[in-house]
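Chains A and B, in that order, give the protein sequences.
Taking the numbering used here, I'd label the letters of the first sequence as residues 204 to 381.
Taking the numbering used here, I'd label the letters of the second sequence as residues 204 to 381.
Everything labelled a hint here was simulated from the structure, so no lab data went into it.
Because the structure is a prediction, the values reported are computed rather than measured.
Please note: incorrect hints may appear among the correct ones.
A pair holds if it fits inside one copy or across any two, identical chains being indistinguishable in the list.
[As the list claims (entries may be wrong)] Derived DSS-like pairs (lysine-lysine); straight-line CA-CA distance at most 30 Å:
1. Lys285 <-> Lys232
2. Lys224 <-> Lys321
3. Lys207 <-> Lys264
4. Lys224 <-> Lys285
5. Lys222 <-> Lys264
6. Lys207 <-> Lys321
7. Lys264 <-> Lys232
8. Lys207 <-> Lys232
Protein chains: 2
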Amino acid sequence: MTLKDIRQARQKASQLLQKAKIVISREEKENMEMTDFGLNDFERLGLSIVVYENNDRYCAKELMLVPRQTCPEHRHPRMSEKNIGKQETFRCRWGEVYLYVIGDSTAAPKAVIPEEYKKYFTAWHEIILRPGDQYTLPPDNLHWFQAGDEGAVVSEFSSTSTDENDIFTNPNIRRVPS
Amino acid sequence: MTLKDIRQARQKASQLLQKAKIVISREEKENMEMTDFGLNDFERLGLSIVVYENNDRYCAKELMLVPRQTCPEHRHPRMSEKNIGKQETFRCRWGEVYLYVIGDSTAAPKAVIPEEYKKYFTAWHEIILRPGDQYTLPPDNLHWFQAGDEGAVVSEFSSTSTDENDIFTNPNIRRVPS
Numbered sequence: 204m205t206l207k208d209i210r211q212a213r214q215k216a217s218q219l220l221q222k223a224k225i226v227i228s229r230e231e232k233e234n235m236e237m238t239d240f241g242l243n244d245f246e247r248l249g250l251s252i253v254v255y256e257n258n259d260r261y262c263a264k265e266l267m268l269v270p271r272q273t274c275p276e277h278r279h280p281r282m283s284e285k286n287i288g289k290q291e292t293f294r295c296r297w298g299e300v301y302l303y304v305i306g307d308s309t310a311a312p313k314a315v316i317p318e319e320y321k322k323y324f325t326a327w328h329e330i331i332l333r334p335g336d337q338y339t340l341p342p343d344n345l346h347w348f349q350a351g352d353e354g355a356v357v358s359e360f361s362s363t364s365t366d367e368n369d370i371f372t373n374p375n376i377r378r379v380p381s
Numbered sequence: 204m205t206l207k208d209i210r211q212a213r214q215k216a217s218q219l220l221q222k223a224k225i226v227i228s229r230e231e232k233e234n235m236e237m238t239d240f241g242l243n244d245f246e247r248l249g250l251s252i253v254v255y256e257n258n259d260r261y262c263a264k265e266l267m268l269v270p271r272q273t274c275p276e277h278r279h280p281r282m283s284e285k286n287i288g289k290q291e292t293f294r295c296r297w298g299e300v301y302l303y304v305i306g307d308s309t310a311a312p313k314a315v316i317p318e319e320y321k322k323y324f325t326a327w328h329e330i331i332l333r334p335g336d337q338y339t340l341p342p343d344n345l346h347w348f349q350a351g352d353e354g355a356v357v358s359e360f361s362s363t364s365t366d367e368n369d370i371f372t373n374p375n376i377r378r379v380p381s
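Go ahead and model the full structure; you've got the sequences and the hints to work with.
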C-alpha cells in the first residue's frame with residue numbers, strides 16, 4: 204500500500220468507528236494497523252485494526268471493514284504444549300459481518316468472493332453477525348469473514364494475539380502491517 | 204435488592220448502554236447482573252454488568268454505572284502458582300469514570316465517598332477515564348472506581364473472571380449477584 208492508500212484507509216476506518224459511535228484516542232488512530240495481507244488488493248482483501256490491549260494473557264481489538272472487505276481464511280495454530288492456539292470471540296458492533304467456519308456448507312452464502320481468490324476459501328459454514336451478536340471460535344479452526352454492504356465494526360476479544368503465527372490458506376499471503 | 208429494584212436497575216443500565224450506542228441482545232439484557240455487593244445500597248455502591256464472554260483464557264464485560272455509583276475497593280488475588288490473579292483493562296466508552304489505584308494519593312480527588320464508607324477506601328491515586336481512555340491494572344492491586352455525574356459505560360477486557368475470589372476492603376461485602 205502506498206502512503207496515500209494508507210491515509211485513505213485510515214480515514215475510512217475512522218469513519219466506520221464514528222458511525223459505530225466508538226471513540227478512539229489520537230494515538231490509537233495514528234497507530235491503527237491497515238493490512239492488505241501482502242496481496243495489494245486492500246479494498247477487497249484487507250482489514251483495519253485498533254489494538255486496545257495485547258498482553259501475555261488476553262487481547263482486545265476493534266476490527267473495521269469497508270463494504271464487502273474480507274479477512275482471508277486462516278487459523279491460529281497450537282503454539283506449545285500449554286498454548287493450544289489463539290481463541291477469539293467476534294462481537295459485531297455496527298453493520299453486518301458474515302463469518303465462515305468449518306462445518307456444513309451454507310447453501311446460499313451471503314459473502315461474495317472474487318473468482319481468482321475462491322480456491323483459497325474452504326470453510327463455508329456461515330454465521331451472520333449483526334450488532335449485539337457474537338461468536339466464539341475454538342483455537343486452530345479455519346475461519347474468514349466479510350463485511351456486508353455497509354461495512355462493519357467488530358470487537359475481537361481473545362487470548363494473546365501473535366499475528367505472525369497465523370496460517371493462511373492462500374500461500375501468497377504475508378501477514379505484515381502495511 | 205427487591206425484584207422492583209432489580210427491574211429498575213436493569214432499566215437504568217440499559218439506558219446507559221443506549222446512550223453509549225452499545226447494542227446488547229435480549230438474552231444479555233435478561234441475564235444482566237446487578238450487584239449491590241450485599242450492602243443494600245445499590246445506587247451508591249453497586250454495578251451492572253453484561254458478561255460477553257468468560258472462558259478459561261479471557262473475559263470481556265460491559266460495566267454500567269449510574270451517576271456517582273461506586274464499585275468498592277477490592278483486589279484479584281493470586282490463585283495458584285501459574286495464575287497470578289486476574290489482570291484487567293478498563294476502557295471508558297461513555298461518560299466519565301474515576302479509577303483509583305495504589306500510588307501517590309491525588310490531592311483533590313473527583314470521587315465523593317459517603318462518610319460511613321470512607322474507611323473502606325484506601326487507594327487514592329486517581330486516573331480519570333473519558334471515552335477512548337483506558338488503563339490496565341496489574342494483578343492483585345487494590346482498586347475501585349466511581350462514575351461521574353452522568354454515569355458511565357466501561358468495557359472490561361481481562362484474564363478469566365472468578366468474582367467469588369475477589370477480596371474487598373469492606374469485610375461486610377458479599378460478592379453475589381442480586
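Going through the earlier hints one by one, which of them does the structure break, listed in rising order? Result: hints 1, 2, 4 break, sorted rising.
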